[in-house]
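Given these sequences and hints, build the entire structure.
Here the protein sequences line up with chains A and B, keeping their order. Basically the working numbering = 1-based index in the first sequence + 29. Basically the working numbering = 1-based index in the second sequence + 11.
If you are wondering where the hints come from, they were derived from the structure by calculation, not from laboratory data. Predicted model only: the values in this text are computed from it and were never measured. From the three backbone atoms N, C-alpha and C, an ideal C-beta is built for every residue, glycine too. Just so you know, not all the hints are guaranteed correct.
Calculated lysine to any residue pairs in the SDA-like style (CA-CA distance at most 25 Å, straight line) [what the hints assert, rightly or not]:
id: 1; chain 1: B; residue 1: K325; chain 2: A; residue 2: A129
id: 2; chain 1: B; residue 1: K280; chain 2: A; residue 2: G232
id: 3; chain 1: B; residue 1: K431; chain 2: B; residue 2: V126
id: 4; chain 1: B; residue 1: K59; chain 2: B; residue 2: A353
id: 5; chain 1: B; residue 1: K214; chain 2: A; residue 2: E84
id: 6; chain 1: B; residue 1: K214; chain 2: A; residue 2: R253
id: 7; chain 1: B; residue 1: K214; chain 2: A; residue 2: T234
id: 8; chain 1: B; residue 1: K43; chain 2: B; residue 2: T53
id: 9; chain 1: A; residue 1: K46; chain 2: B; residue 2: K280
Under 8 Å between C-beta atoms, here's a sample of chain B residues computed to sit facing chain A [claimed, not checked]:
id: 10; residue: E204
id: 11; residue: G205
id: 12; residue: I206
id: 13; residue: T209
id: 14; residue: V210
id: 15; residue: L211
id: 16; residue: G215
id: 17; residue: F282
id: 18; residue: E326
id: 19; residue: D330
id: 20; residue: H331
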Amino acid sequence: MSEWTKKSLLDLQTLNKEEIELILETAKSFKEVSAREVKKVPALRGKTVVTLFFEPSTRTRASFELAAKRLSADTINIASSTSSQTKGESVLDTARNIEAMNVDAIIVRHSSSGVPKILSDHMDAAIINAGDGCRAHPTQALLDMFTIQEKLGHIKGLNVAIIGDIKHSRVARSNIWGLTKLGAKVTVCGPATLIPVGIESLGATVDYDLDNVIKNNDVLMPLRIQLERQQEKYLPSLREYAKKFGINKAKLKNAKKDVLIMHPGPTNRGLELSAEVADGEYSVILDQVTNGVAVRMAILYLLLGARGKPSEDE
Amino acid sequence: MSLLIKNAIIVNADKASKQAQDILIDKGVIKKIAASINEKATTTVDAKGMHVLPGLIDVHVHFREPGQEHKETVESGIHAAAKGGFTSVLCMPNTIPVMDNRSIAELVISESKRVGMINVYPIGAITKGQNNEELTDMFELKEAGCKALSDDGRCVTNSRLMRLAFEYAKMVDIPLIQHCEDHSLSCGSVMNEGINSTVLGVKGDPGLSETVIVARDIELADYLGTRIHFAHMSLKRSVEMIRDAKKRGIQVTAEACPHHFTLTDDALKDFNTCAKVNPPLRTQEDVDAVKEGLKDGTIDCIATDHAPHAKEDKEMDLDHAPCGMVGLETAVGLVVTELVAAKVLSWPQVAERMSAAPAKLAGLANKGAIEEGKDADITIIDSKAEWTVTEADFVSKSTNSPFIGRELKGRVHTTICGGKVVYKT
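Listed below in structure tokens is the structure:
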């Protein structure tokens with residue numbers, strides 16, 4: 030079993046296959062903790078973890094907070110609107126002020142790419158990227174891979190399709206990095222105006238035909254379409270998007286019998302996927318959420334805790 | 012007050028002299044050039060082992076006065092220019108308020124006269140407030156001392172308005188400089204659109220935004236029989252179009268900046284905001300094409316687009332950092348390292364791109380060459396000096412340069428303007 034040596038988790042681009050597998054393996058042990066009556070292990074007792082979110086989030090922040098608390102760490106949440114960002118303090122200034130209170134880890138989400146790296150380069154605290162701009166969302170991709178591995182037994186050799194606004198998606202990018210490192214074949218599908226230049230050089234294939242994509246892939250991962258994209262003229266209408274790129278029960282007729290339907294959430298029911306499919310037999314969306322806590326516990330443990338397996342309650 | 016330069020290898024645009032010569036300067040004018048001059052002078056400069064060029068002229072700088080004096084002033088800009096070997100600069104009008112009337116032009120001129128040292132000429136705006144809606148009073152701006160007009164920082168994207176600007180400027184006989192950027196294509200972008208921008212997850216500017224305007228203005232210049240000067244060309248395709256336009260006899264001139272013949276968009280991979288510039292750093296193919304364009308004369312001038320920003324302005328995420336880098340103090344080092352040492356340009360070509368051609372564009376008839384009777388603006392370059400760019404060395408108020416830490420060959424030894432030494436190592 031390899032060792033974790035990095036101070037921060039910024040993205041999957043800079044992790045190798047062994048490091049990703051270490052996180053997934055560690056997450057397995059922590060999933061069990063959340064199923065107990067007393068959902069607590071003392072691994073990070075006395076550690077201080079801060080979530081610093083400059084972009085709104087319900088589930089990711091709650092997921093990180095629960096992960097930290099279940100490891101017995103102390104947590105506080107700082108949201109952009111309540112922090113001094115509005116008073117014109119720079120991101121680095123805000124983070125340094127927080128670090129001065131002797132915190133061990135800062136979990137940061139920001140609408141601009143590169144912010145977590147800037148923080149990690151200038152501070153001693155461990156930085157965990159909860160999403161920066163359109164660049165990376167490593168914990169989401171890790172919990173996606175954990176879910177795939179759990180349900181289908183492996184990642185190597187699988188065909189995974191990511192459907193939607195790839196251009197603006199950090200989830201898509203992190204998944205492409207992670208899945209290809211573990212030997213899966215990734216296809217991206219969506220309107221041409223929302224497929225970014227050079228995506229093939231990251232190892233993804235482009236296919237605009239959803240029916241083809243449904244037929245050929247073991248995992249279908251539609252992404253949330255931001256309703257503003259139509260205002261920004263990327264899409265002629267959401268109606269046409271739903272018709273050509275939305276997944277519903279009828280279109281899944283030709284899907285593989287063990288196909289997984291995933292989604293990073295929140296879903297626009299009726300747009301990228303129908304309510305029926307979101308709640309249907311192939312959907313593992315809620316498993317993703319459960320696994321998210323386990324994966325984030327694993328990451329916090331690897332960054333802040335001792336090496337080796339988590340100890341039992343004393 | 013006289014000055015004697017001894018042992019000078021004189022480099023002019025047409026040729027470099029094989030033998031060293033002496034240059035006698037009196038009352039700000041080159042009085043005599045000969046193999047050996049033994050007259051007594053107030054000051055003597057020994058140029059042995061160095062290249063002596065006509066004073067370098069930068070047709071594209073941003074001195075942030077009026078409005079953003081914390082970044083640079085006319086005074087600090089003059090010091091940076093002198094250190095960089097420049098004896099004349101043209102400064103862009105995107106000040107606050109915009110230089111769209113004679114009072115702002117006169118402010119810059121009076122400030123530069125107060126400081127002295129080198130020549131500073133204002134560039135007036137093409138449209139009022141650079142608003143892309145109404146033309147400025149071009150006669151007034153020319154009479155106030157503007158040597159060119161530009162909306163640089165922004166592009167005149169309204170084609171009808173640009174046509175009118177060309178027609179009017181032709182009558183006024185003042186050159187127009189276009190910052191080529193179709194804002195609808197580039198809007199919100201942070202760097203070149205390509206594999207790097209996709210991996211970094213930031214909005215990219217497709218080369219299209221520059222080339223569609225280059226194409227448009229070539230068409231306008233052709234149709235109306237006017238001249239046009241393209242600022243900071245960054246793309247292979249732009250160079251190709253200009254080369255073709257020149258072949259067809261259209262009066263196009265162009266400039267390129269040192270960063271566009273040195274760096275690619277790889278420089279942004281670690282989110283270095285000092286590498287965020289407009290037009291953005293492009294690909295290696297574009298860098299090579301810019302060099303080729305400088306070599307074959309498709310690109311007439313080297314200009315720095317010196318764009319100072321305070322530390323706190325640049326200490327930001329890539330999305331919000333302002334565009335631009337300082338360039339006056341690193342230009343010569345980059346030209347010698349990337350072009351002369353790399354055998355892209357000969358020394359006479361350097362004199363052409365950095366002095367003679369800019370003088371021609373700006374209508375500075377008595378500058379741009381070392382000849383008897385010309386203004387005594389002279390730059391002495393030590394082409395063998397090896398140095399590392401360090402932040403502490405900068406004389407400019409701002410130090411936003413992606414070249415900090417870079418090892419360069421070639422440095423300005425002495426800058427002489429109007430017969431006076433305004434900088435020496």
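Verification of the hints:
A C-alpha spacing of about 24 Å is found between K325 of chain B and A129 of chain A, which places the hinted pair at or below 25 Å, so the restraint holds. Of the supplied pair hints, the one linking K280 of chain B and G232 of chain A holds, its CA atoms being roughly 19 Å apart against a limit of 25 Å. A hinted pair counts as satisfied when its Cα atoms are at most 25 Å apart, and K431 of chain B with V126 of chain B qualifies at roughly 14 Å. A threshold of 25 Å between alpha carbons decides the hint, and for K59 of chain B with A353 of chain B the separation of about 23 Å falls inside it, so the pair holds.
A hinted pair counts as satisfied when its Cα atoms are at most 25 Å apart, and K214 of chain B with E84 of chain A qualifies at roughly 18 Å. About 19 Å separates the Cα atoms of K214 of chain B and R253 of chain A, which keeps this hinted pair within 25 Å; it holds. Restraint check: the Cα-Cα separation between K214 of chain B and T234 of chain A comes to about 21 Å, which is no more than 25 Å; the hinted pair holds. Distance hint between K43 of chain B and T53 of chain B is fulfilled; the C-alpha atoms sit about 15 Å from each other, no more than 25 Å.
Simply put, K46 of chain A and K280 of chain B have alpha-carbon atoms about 22 Å apart, close enough for the 25 Å limit, and the pair holds. Here the hint on E204 of chain B is kept, as its CB sits about 6 Å from the closest CB of chain A, short of 8 Å. Checking G205 of chain B against chain A: minimum C-beta separation of about 6 Å stays under 8 Å; hint holds. Because the beta carbon of I206 of chain B sits about 4 Å from the nearest beta carbon in chain A, less than 8 Å, this interface hint is met.
At about 4 Å, the closest approach between the beta carbon of T209 of chain B and any beta carbon in chain A falls short of 8 Å, and the interface hint on this residue holds. Below 8 Å, beta-carbon pairs count as interface contacts, and V210 of chain B has one with chain A at about 7 Å; its hint therefore holds. With its C-beta approaching chain A no nearer than about 5 Å, L211 of chain B sits inside the 8 Å limit, and its interface hint holds. Hint status for G215 of chain B relative to chain A: holds, with the closest Cβ pair at about 7 Å, below 8 Å.
Annotation: interface hint on F282 of chain B holds; nearest CB of chain A at approximately 4 Å, less than 8 Å. Interface restraint check: E326 of chain B against chain A, minimum CB-CB distance 6 Å, threshold 8 Å, status holds. For D330 of chain B, the suggested interface contact is upheld, since its CB lies about 4 Å from the closest CB of chain A, less than 8 Å. Hint status for H331 of chain B relative to chain A: holds, with the closest Cβ pair at about 7 Å, below 8 Å.
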